[in-house]
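Novice: Using the sequences provided together with the hints, build the complete structure.
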Amino acid sequence: AQTVTQSQPEMSVQEAETVTLSCTYDTSESDYYLFWYKQPPSRQMILVIRQEAYKQQNATENRFSVNFQKAAKSFSLKISDSQLGDAAMYFCAYRSFNYGGSQGNLIFGKGTKLSVKP
Amino acid sequence: DSGVTQTPKHLITATGQRVTLRCSPRSGDLSVYWYQQSLDQGLQFLIQYYNGEERAKGNILERFSAQQFPDLHSELNLSSLELGDSALYFCASSPGGGGAMETQYFGPGTRLLVL
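Protein chains in written order, with the numbering used here: chain X, 1 to 118; chain Y, 1 to 115.
FYI, nobody ran anything at the bench for these hints, they're computed from the structure.
Take every hint as true, because none was put in to throw you off.
Computed spacing ranges between beta-carbons, pair by pair:
(1) PRO118/X to GLU75/Y: 41 to 47 Å
(2) THR18/X to THR20/Y: 41 to 47 Å
(3) GLN57/X to THR7/Y: 39 to 45 Å
(4) GLU10/X to THR13/Y: 29 to 35 Å
No farther apart than 20 Å at their CA atoms in a straight line, the calculated lysine to aspartate or glutamate pairs in the EDC-like style are these:
(5) LYS110/X to ASP40/Y
(6) LYS55/X to GLU102/Y
(7) LYS113/X to ASP40/Y
Chain X is faced by these chain Y residues, among others (derived, beta-carbon under 8 Å):
(8) TYR33
(9) GLY42
(10) LEU43
(11) PHE45
(12) GLN48
(13) ALA56
(14) GLY58
(15) LEU88
(16) PHE90
(17) MET101
(18) THR103
(19) GLN104
(20) PHE106
(21) PRO108
(22) GLY109
Everything numeric in this text was worked out from a predicted model, so none of it was measured.
Ideal placement from N, C-alpha and C gives every residue a C-beta, glycine not left out.
Specialist: If you want it as structure tokens, here you go:
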């Protein structure tokens, strides 16, 4: 079974600085998708960025980018020019390419709580 | 606002009781997913329905059941509630059958407290 590990329970960053959140995963599959979701205090789960495993190019969405290392099974999230509104729980998630059963749906890490200092 | 709605927002009940959580997916979305977020277990996938049919099953207890109705809204029924069932229950929806590349859009969640 696939697992997702986020080794940093909490992180802190100064406003306007850059922070990197770590995520590693374990899988025997070659095709899959990886996601970062943000959960602000409102508890709403918001998709931040998505990466297809077959793509070598790292995904980027405005101030958010990933460093995807397939061989190392690593998928870190970099937030540039951090803003107060970035303060939230960040969850890394894995999704198998083969849906059905329990494998086709999102498998989440435990999350990293990001604080942004003014 | 994701377009996914969940009711109620909060629910307080007693052990042994039964509750029903409701979810309306985004307009046009055919798949509905249920997730449970608790302090000890984290975020776990429970079950997925696609166009009225069960498509995938995760770590859902036998005391829990779900269904998706012809208008595509879904209900999650939790029975014989235990203290450990206290959690935030999310519903998510996606346009199709749940292919891996589909984005799941999450609702605001229902916070359940079992006393």
